[in-house]
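Asks: Sequences and hints are given; from them, build the entire structure.
Residue 113 is where the sequence shown starts when you use the numbering used here, and the numbers rise one by one after that.
Please note: incorrect hints may appear among the correct ones.
[Claimed, not checked] Subject to a maximum C-alpha distance of 25 Å in a straight line, what follows is the list of computed DSS-like cross-link-like pairs (lysine-lysine):
1. K117 x K316
2. K316 x K116
3. K322 x K192
4. K116 x K192
5. K232 x K172
6. K328 x K316
7. K329 x K316
8. K117 x K192
No lab work stands behind these hints: they were computed from the structure.
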Amino acid sequence: MDRKKNFTAGFLRENPVFSLYLGCCSTLAITTSLNNAIGMGVAVIAVLILSNVLISLMRKITPNEIRIPVYIVIIASLVKVIQMLIQAYAEALYTSLGTFIPLIVVNCIILGRAEAFASKNGVLDSALDGLGMGLGYTCSIIVMSLIREILATGMIHFTNPFDAAQVLFELRLIPEDFVISLFSQPFGAFCTFACLAAALVAYKDHQAKKQERLEKKEAK
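Replies: So, in structure tokens, the structure goes:
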């Protein structure tokens, strides 16, 4: 197995959000701010890596008939631990993300990687797969949140997740009179998602055609 290829698959080729269209519910809902995107991304990365590792370790002793319930119990336990940690140490982030933290349990990315990869591969490869997919998901929602936040508020605003009153970074890029508040609403989420997904498809098509031309040139 090419571990580098496996690790980088989640960024473009098999991006869970814009290529596989998994986890779209949380993606559309929480990308209103950079804080939300980073918080959710870190939580998903942690759950993906830990669940992949545990499922990989247990793959040889888990009966095939009950593998899905076993996966769900493992994922749900990890999500509950992450949820309690966020509630205890980052209450502002916990309040902002709301019910979307426990909904990580039913995130198709988590269960999909458990079934498609971790249940069939070793611990190291499964951990790399979880990290790669988690980073791909996190990069996707960060890009979406930046676009929506800049267009809706005219600025990039990042606060301390442990203290919402402490502003760590703030930069205005668009004057207040020219912001498009619609991008803070559901329509803005769908519009941003559609444009980014289309851009990735166009890029992949361009790369495929480029590769096809090279193969034809080499064949001659």
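Asks: Confirm or reject each hint.
Replies: Structure-based check of each hint:
For the suggested pair K117 and K316, the alpha carbons sit about 16 Å apart, so the restraint of at most 25 Å is met. Note on K316 and K116: the hinted pairing holds, with a Cα-Cα distance of about 19 Å set against a maximum of 25 Å. The suggested pairing of K322 with K192 is violated, with an alpha-carbon distance near 46 Å, which exceeds 25 Å. Of the supplied pair hints, the one linking K116 and K192 is violated, its CA atoms being roughly 31 Å apart against a limit of 25 Å.
Distance restraint check for K232 and K172: the Cα-Cα separation of roughly 9 Å lies within the 25 Å cut-off, and the hinted pair is therefore satisfied. Between the alpha carbons of K328 and K316 the distance comes to roughly 18 Å, so the proposed pair stays at or under 25 Å and holds. The hinted pair formed by K329 and K316 meets the criterion: a straight-line CA distance of about 20 Å does not exceed 25 Å. For the proposed pair K117 and K192, the alpha carbon gap of about 32 Å is over 25 Å, so the pair is violated.
Of the numbered hints listed earlier, those contradicted by the structure are 3, 4, 8.
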